[in-house]
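Heads up: the protein sequence lines correspond to chains U and L, in order. Residue numbers for the first sequence follow our numbering, beginning at 1 and rising by one. Residue numbers for the second sequence follow our numbering, beginning at 1 and rising by one.
By construction, these hints were calculated from the structure, which means they are not laboratory data. Predicted model, so just to flag it, every value in this text is computed and none were measured. By construction, the Cβ of each residue, glycine as well, lies at the ideal position given by its N, Cα and C atoms. Some hints could be false.
What the hints assert, rightly or not - Here are the simulated lysine-lysine pairs, PhoX-like style, with alpha carbons at most 20 angstroms apart: (1) L/K460 with L/K120; (2) L/K33 with U/K27; (3) U/K71 with U/K82; (4) U/K27 with L/K308.
Claimed, not checked - Coverage of chain L stretches by chain U, computed from C-beta distances (three or more under 8 angstroms per stretch; other residues unrestricted): (5) 125 to 135; (6) 190 to 199; (7) 208 to 216; (8) 223 to 237; (9) 317 to 327.
Okay, here's what each chain looks like letter by letter:
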Amino acid sequence: MLKVLAACGNGMGSSQIIKMRIEQVLKELGLKFKVDHTSVGEGKNQAKNYDLVLVAQQFVKDFPASDEKTKVVGLVNLLSAKEIREKVTAALNL
Amino acid sequence: MDFVLQFFNKFLGQAPLLLGTVVLIGYLLLGRKWYDAVAGFIKTYVGFRILQVGTGGLVATFRPIIVAVYDRFGVSALVIDPYYGQTSGMQVLDSVNSLQYVGYVMIIAFLWNILLVAFKKHTKIRALFLTGHIMYQQSAVLLWALYWVITGATGAEVGWGLVIVTGFLMGTYWSVASNLVIEATQDVTDGAGFSVGHQQMFGAWIAYKLGAKIGNREKDVNELNLPGWLSVLNDNVVANVVIMTFFVGTLMLIIGKDSFAYDTNRYYWGTYIFETTSLFAVYITIILTGVRMFVAELTNSFQGISEKLLPGTVPAVDCAITFGFSPNAPAYGFIFGFFGQMIGIATLILINSPILIIAGFIALFFDNGTLAVFANRSGGRRAAAIIPFFSGIIQVLGSALALSVLVNGGTNVIGWMGMFDWATVWMGVTLMTSVFGIIIPILLIPLFLVIPQLQYRRNKKNYFTTMMADTLAEVNPSTLK
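Can you make the complete structure from the sequences, with help from the hints?
Okay, structure coming up:
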């Protein structure tokens with residue numbers, strides 16, 4: 001199962017939007033998944049427990065760099081299922 | 001009949017049970033499995049109770065400081081931050097057994113917004129407000145403010161008449177204001193296909209219009225390199241502690257340690273100050289955790305319902321979603337807004353105002369950050385500095401005015417929203433209602449509804465096609481199946 005974390009400044013609005021979009025994309029891709037959302041401050045230490053971390057582009061530098069286990073993906077338009085689909089399939093080598 | 005009344009009191013009269021039921025019904029209408037719907041009910045209920053732990057703790061932490069400042073200087077020290085406004089509203093309404101009405105206000109407002117969009121041919125409303133945590137927050141604060149200036153300290157429950165008027169006014173604001181900033185948001189986001197549904201839509205619109213007059217959009221703020229320490233602002237826990245230690249810590253130092261009863265065996269004066277000021281971040285984090293849990297369910301339910309009823313509507317979402325399109329502007333807005341707020345606070349002290357304002361992190365960063373994003377787009381870095389600066393002054397003075405008629409609510413009142421629209425439009429509504437009564441919110445509903453008609457008249461040709469068809473397909477999941 002793919003574990004995904006969505007994070008934004010306060011962990012309220014934007015990350016909730018990312019969460020709804022990534023759930024939609026992963027469903028289309030036919031994957032099993034679980035998505036949590038939180039603030040950047042809390043999320044950066046939890047990131048290593050996830051396979052995929054989705055944040056707005058400006059927060060990427062707050063997270064440890066992508067490695068074998070955890071992929072960090074930065075987004076420009078959080079509402080765009082198209083952008084999320086392209087970046088996530090690239091990051092996960094699907 | 002008696003059973004129905006009992007049910008209204010003991011079940012739907014309990015705020016967390018009411019919201020849980022809304023989610024349960026929403027999920028069942030969306031065709032989710034029954035166990036998903038029950039899980040949604042439970043998470044909404046638990047999330048709401050966590051939120052109440054946070055609001056109670058925040059008031060208990062802040063109360064001794066308010067009392068100490070009042071005893072020493074005879075002024076009320078109050079925070080301008082949406083969670084302090086929400087806490088005040090929820091605590092005041094709960095003290096008169098009326099917290100559940102916030103849920104009804106929110107539901108009326110949401111359904112009214114859907115209806116206005118459904119008849120967009122006539123209403124010219126294209127946007128649907130979907131920012132769940134803001135919807136609950138604003139419903140709580142508006143109901144509190146109108147209740148308090150109309151009814152006052154009688155201890156009476158909120159009446160249904162006021163609940164219905166507040167609901168329609170709230171829904172009208174959500175519809176009209178997020179509809180107003182569609183074009184500006186499209187420019188800021190290079191046509192990303194959404195609008196802002198937050199606390200400063202009128203502010204963002206003004207910033208965008210004014211920015212073009214005072215600056216040059218070619219000199220974009222995102223071409224600058226900002227100092228690295230500003231990135232601590234990305235960590236909301238750290239930012240809350242730093243801001244609160246700065247403002248409340250200074251205040252505690254001025255009042256002096258004799259005004260506080262603390263265990264001198266356990267604390268230095270300095271560590272006691274930090275202990276107290278960091279408690280604000282503790283309770284804000286609890287509030288955020290609770291709101292995050294119940295709003296996640298509510299938003300899923302709301303968005304599902306709206307997508308079934310109104311495919312292709314422009315979603316109005318959290319202001320921070322615009323930050324990705326202009327990464328430097330929020331920090332710029334924060335810095336210049338901070339200076340503006342300091343000048344506002346100094347003004348209050350100089351004129352011996354009975355209200356002293358304490359700055360809060362969210363209004364500083366998210367509100368002025370959003371204004372900076374919109375100002376930068378039309379007027380570059382010059383506009384992104386000047387507009388948040390003046391906005392900072394307005395946030396402080398406007399909120400102090402609004403609080404001047406609300407502060408007699410007793411120790412449950414610890415602050416006001418502080419966000420731009422709430423320091424201007426809603427401050428005015430609160431003050432005018434305190435003089436003229438409920439006729440003001442009633443009259444405001446048709447007045448607000450004129451705004452989209454004027455917008456349409458100025459831009460008939462592209463009004464309904466501004467949002468490109470392919471972006472909308474992108475946003476609407478039902479077309480993706």
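Comparing the hints with the structure gives:
1. L/K460 with L/K120: holds (13 angstroms)
2. L/K33 with U/K27: holds (17 angstroms)
3. U/K71 with U/K82: Distance of about 18 angstroms is within 20 angstroms: holds.
4. U/K27 with L/K308: The hint holds at about 18 angstroms.
5. 125 to 135: holds (count 4)
6. 190 to 199: holds (count 4)
7. 208 to 216: Our answer is that it is violated, as 0 residues pass the Cβ test (under 8 angstroms) against chain U, missing three.
8. 223 to 237: holds (count 5)
9. 317 to 327: holds (count 9)
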